[in-house]
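Colleague: Spelled out from the first residue to the last, the chains are:
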Amino acid sequence: MNDVHDVALRLLVVFAVFLVLPLVVGQTEHKVMAHMQGRLGPMYAGGFHGWAQLVADGVKFAQKEDVVPKDADRRVFQLAPAVALLPYLLVLVAIPIGPSEGAVGQVVDAGIFFVLAVMGVGVLGSLMAGWASANKFSLLGGLRTAAQLLAYELPMLLAAASVAMAAGTVSLPGILNAFEWWWVPWQIVGALVFFVAGLAELQRPPFDMPVADSEIIFGAYTEYTGLRFALFLLAEYAGIVVLCGLTTVLFLGGWHGPFGADGLGWVWTLLKTAVLAFVVIWLRVSYPRLREDQLQKLAWTTLVPLALAQIALTGIVKVAIQ
Amino acid sequence: MILAAAQHIAQQAAQQPVLNQETHGFLSPTGVEIAFLLVGLVTLGAALVTVTTRQLVHAALWLVVALGGLAVEYLLLTAEFIAWVQVLIYVGSVVVLLLFGLMLTKAPIGHSPDADSRNRPVAAAVALAAAGALVWVVVDAFRTTWIDLDGAVQGSTEVSGQILFRHWVLPFEALSVLLLAALVGAIVLSRRKKEEQR
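The listed protein sequences correspond, in order, to chains A and B. The letter at position 307 of the first sequence is residue 611 when you use our numbering, and the numbering goes up by one with no holes. The letter at position 27 of the second sequence is residue 255 when you use our numbering, and the numbering goes up by one with no holes.
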């Protein structure tokens, strides 16, 4: 009985984190973008600096009519937002935030494979949306999404494999237990490749070719309104949280910090994740969108060779220190 | 080779003392076994719909259900690593590639009548023969061996890795050479076409 209670409590906490953190990232994005562009951003909703803007947005989305285009494939169209969102919830379960046994939703033996596999499934939601909308812009967006995923999945996997080699385990808590501070310079190339490939997988600027609003309206999500559209947006922000959390755990040492490792491990994890999320927003404001051929070129001619070089380096150092 | 592999694994499993066949009736219904059967039925159903549906993209999406169901079956058999790799490779990459191809050819919403090659009877015969052979191999190899769910995990990443790189290194390397050959072949084919166009 105690076990059931424990599991239910963990899942509840993970679910709460899943609901809160993406909203925090979203609100931070409003504010950071505004200040980087020399304006104020939302200031009225909720009083203090527009803190309730996203809540108001949520209410607005919930009130809108849920439109399904006449020629659309109804069931696939309606199912797509759930397929896009749920994988990130599942991934969040496996990310450890502190050193103790209890600081992870569920310990997964092959953690790296689990998170990467499930994150890849999320893209199916965009593909389903793109095809089922019966809209040429949606179809183009879906095509671009698929091409982008195929290009960036490989460097992401290779970069993650490098960390697994360094730690000698594929479990996320195991990697953190083996972490030493000099892993950061050792794996820095892999970290960059992983982060960039992750951004591309989330279709965040500068990799937002699949939703490029000046060309194809809003890509695969063009026909969506109301709550379903909100779910796609939530999936994007949940994706940011997951990507930053994973980069923190794999490459930046997660709960390891210069001091206070005993009780404050989770603070370090959250702090590093928040800094990475800030970088994600920063990139959105400051970088122009990459063209489709530039996207593919970056993946195949830069990221894949870099990831392979990182794996070679990892292997050499690993053999040398044994 | 698959047959030999399956038999080898079955023999290894049978040698372990915890796996006694006597205490286990055939399909004694523990929770895991019921789940295994139900997921198996869903997988089979999804696979049947995949090959019989007349809507191309729906076939690809049902394939996701079938492959995902297979991954759950691996999980229930404690082969966690295999399960996640199944999701990563098949659901995450192969199906995405498939959908990419379907979108490129503008697969219509609704029925695609011209996609019928009228080979249904032959395809059904081949599928039944293949399924029969595979079922026979698996049944013959494993008979009534049971996995002990309470003992040490037998399909973890560590165990899979050790078996793969101690007992099955040669087939593994042969397979990787085969994949490399396919890769080089694909590159050669795509390059030749370009030169012809010029």
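A few of these clues could be false.
[Unchecked claim] Residues on chain B that point at chain A, a partial pick, calculated with CB under 10 Å: (1) T271; (2) H286; (3) I317; (4) L325; (5) K334.
Source of the hints: derived by calculation from the structure; they are not laboratory data. No residue lacks a Cβ here, since even glycine has one placed at the ideal position from N, Cα and C.
Colleague: Indicate, hint by hint, whether the structure satisfies it.
Modeller: A quick look at each hint next to the structure:
no.: 1; hint: T271; verdict: violated, 17 Å
no.: 2; hint: H286; verdict: holds, 8 Å
no.: 3; hint: I317; verdict: holds, 8 Å
no.: 4; hint: L325; verdict: holds, 6 Å
no.: 5; hint: K334; verdict: holds, 7 Å
Hint check: a violation occurs at hint 1 only; the rest are consistent with the structure.
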